[in-house]
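Construct the complete structure from the given sequences, taking the supplied hints into account.
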Amino acid sequence: MDKNIVKSNIISGTVGLIISVFLIFHFTDIVSFLTNIAEEYFSQDKHIGQRSIIFINIITISSILFIITLSYFFIFNLTKKVSKFISAFFQINNPLTTNICNKRYLDLYIMVIGTLLGAFQIYYLIIFGEPMGESFIPTSPANEGIMEKVFALLLLFSIIFLLSSVTRVKREIYSAKMRRKIIFLLIVFSGMIILILGEEISWGQRISGLDSFGIFNEYNYQNETNIHNFLSPNTLVGYIYPIVGLGSFIVLFLIWLIPKKRNSYFFNLFFPHPSLFFLVLMMMVLSFFGGGGETYEQLFTIFVLLYSFRIFMCLSFPKTDLSNH
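0 is the number of the first residue of the sequence shown in numbering that gives the first Met the number 0; add one for each residue after it.
Each hint should be verified, as a subset may be incorrect.
Result set (DSBU-like, lysine-lysine): computed pairs, CA atoms no more than 35 Å apart in a straight line [claimed, not checked]: (1) Lys180 - Lys102; (2) Lys169 - Lys180; (3) Lys318 - Lys79; (4) Lys318 - Lys180; (5) Lys102 - Lys318; (6) Lys45 - Lys148; (7) Lys83 - Lys2; (8) Lys318 - Lys176; (9) Lys80 - Lys2; (10) Lys2 - Lys79; (11) Lys169 - Lys318; (12) Lys80 - Lys6; (13) Lys83 - Lys318; (14) Lys176 - Lys80; (15) Lys176 - Lys148; (16) Lys102 - Lys80; (17) Lys148 - Lys102; (18) Lys102 - Lys83; (19) Lys6 - Lys102; (20) Lys102 - Lys169; (21) Lys318 - Lys80; (22) Lys6 - Lys79; (23) Lys79 - Lys102.
Ranges of calculated distance between the beta carbons of each label pair, as one might list FRET restraints [stated by the list, open to error]: (24) Val30 - Gly246: 28 to 34 Å; (25) Gly237 - Lys2: 54 to 60 Å; (26) Phe24 - Ile214: 57 to 63 Å.
Just so you know, the hints here were simulated from the structure itself, not pulled from any lab data.
In this text, all values refer to a predicted model and were calculated from it rather than measured experimentally.
Beta carbons: idealized from backbone N, C-alpha and C, even for Gly.
Structure follows, in structure tokens:
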């Protein structure tokens, strides 16, 4: 590496470490400053809750750690190695990833959109709080109703993408065996999302306005005709969501690190792509926070939508001849 570049990297890394030290010593003041800004300019009642303050702390700590890490890479001239690792991890310019879909920047767009939508959900949580509060009562019934309808529609769009993908599995591109496998999985995934959507809208009760009956009225925590609300809200949000959020992130991350599986077209088509990494990371973090778990459910819905859309695009614009598979 050129000596001037090495020297420039060392200087940049040193400056980054100095900034990091400054931020650490003034951490409390920075958090207080950001909290005041959030309350003054972004909160309707000029007040944000304790959970929002915790999030501000987490974001501030994460930013400092990011600067320290980046400075370390510069000081020890690891930027090239890190960039190669990132490129390989996210499958940037990967020949197979490019070949399964004719839309070259599809995965990049998905990563950007997923990350931005996830960041917006975090912003909404920090400023306005959960639609469902810690007592599992809507903090704003109007907003809670609108948000649920919007994300129910996103689930519906996901189902449409997957079912429409069935018609995109063309005979001249895929072998009979491959076609059967792809169509089977598309139907299975569609069925799973239909179940999730049914639970979300209480199987039409929220649309029709009908009252609950029998065991749903007696044992369901929200008196709705769905199954998941038979579980205690504290169990669902306090244990199940964190276990699923953390577990799914660990499993996906470890598999993303294994390059051998990426040689399989079938794997690349159906296994969640690394472009969803940041969204999955946010889902993991948000699974441990929030009163009613609504934010985690909304992030999950965004994940499902982007996952379904990618499959639809890859099957609609295929680039590889798989007739022999």
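Here's how the hints hold up against the structure:
Straight-line distance between C-alpha atoms of lysine 180 and lysine 102 comes to about 23 Å, which keeps the hinted pair within the 35 Å bound. For a cut-off of 35 Å, the pair hint linking lysine 169 to lysine 180 stands: about 13 Å separates their Cα positions. At roughly 31 Å between alpha-carbon atoms, lysine 318 and lysine 79 fall within 35 Å of each other, so this suggested pair holds. A threshold of 35 Å between alpha carbons decides the hint, and for lysine 318 with lysine 180 the separation of about 19 Å falls inside it, so the pair holds.
Distance hint between lysine 102 and lysine 318 is fulfilled; the C-alpha atoms sit about 9 Å from each other, no more than 35 Å. With a CA separation close to 28 Å, the supplied pair lysine 45 and lysine 148 stays within the 35 Å bound. For the given pair, lysine 83 sits about 21 Å from lysine 2 by alpha-carbon distance, which is consistent with the 35 Å threshold. Of the supplied pair hints, the one linking lysine 318 and lysine 176 holds, its CA atoms being roughly 19 Å apart against a limit of 35 Å.
At most 35 Å may separate the alpha-carbon atoms for a hinted pair to count; lysine 80 and lysine 2 meet this at roughly 17 Å. Simply put, lysine 2 and lysine 79 have alpha-carbon atoms about 15 Å apart, close enough for the 35 Å limit, and the pair holds. Between lysine 169 and lysine 318 the alpha-carbon distance is near 12 Å, which keeps this suggested pair within the 35 Å criterion. For the hint pairing lysine 80 with lysine 6, the CA-to-CA distance comes to about 17 Å; that is within 35 Å, so the pair holds.
Pair hint lysine 83 plus lysine 318 holds up; C-alpha atoms about 25 Å apart against a cutoff of 35 Å. Simply put, lysine 176 and lysine 80 have alpha-carbon atoms about 41 Å apart, too far for the 35 Å limit, and the pair is violated. Under the criterion of a C-alpha separation no larger than 35 Å, the hint pairing lysine 176 with lysine 148 is inconsistent with the structure, at around 39 Å. Under the criterion of a C-alpha separation no larger than 35 Å, the hint pairing lysine 102 with lysine 80 is consistent with the structure, at around 28 Å.
Between lysine 148 and lysine 102 the alpha-carbon distance is near 31 Å, which keeps this suggested pair within the 35 Å criterion. Proposed proximity of lysine 102 and lysine 83 is supported: the alpha carbons are some 23 Å apart, at most 35 Å. Between lysine 6 and lysine 102 the alpha-carbon distance is near 40 Å, which puts this suggested pair outside the 35 Å criterion. Between lysine 102 and lysine 169, the direct Cα distance comes to roughly 18 Å. Compliance with the 35 Å bound is thereby established for this hinted pair.
Restraint check for lysine 318 and lysine 80: satisfied, since their Cα atoms lie roughly 30 Å apart, inside the 35 Å limit. Between lysine 6 and lysine 79 the alpha-carbon distance is near 15 Å, which keeps this suggested pair within the 35 Å criterion. A C-alpha spacing of about 27 Å is found between lysine 79 and lysine 102, which places the hinted pair at or below 35 Å, so the restraint holds. At about 30 Å, the beta-carbon gap between valine 30 and glycine 246 stays in the expected band of 28 to 34 Å.
In this structure, glycine 237 and lysine 2 meet the distance hint of 54 to 60 Å, their C-beta atoms being roughly 56 Å apart. A C-beta distance of roughly 58 Å is found between phenylalanine 24 and isoleucine 214, which places it inside the suggested range of 57 to 63 Å.
When each numbered hint is compared with the structure, violations occur for hints 14, 15 and 19.
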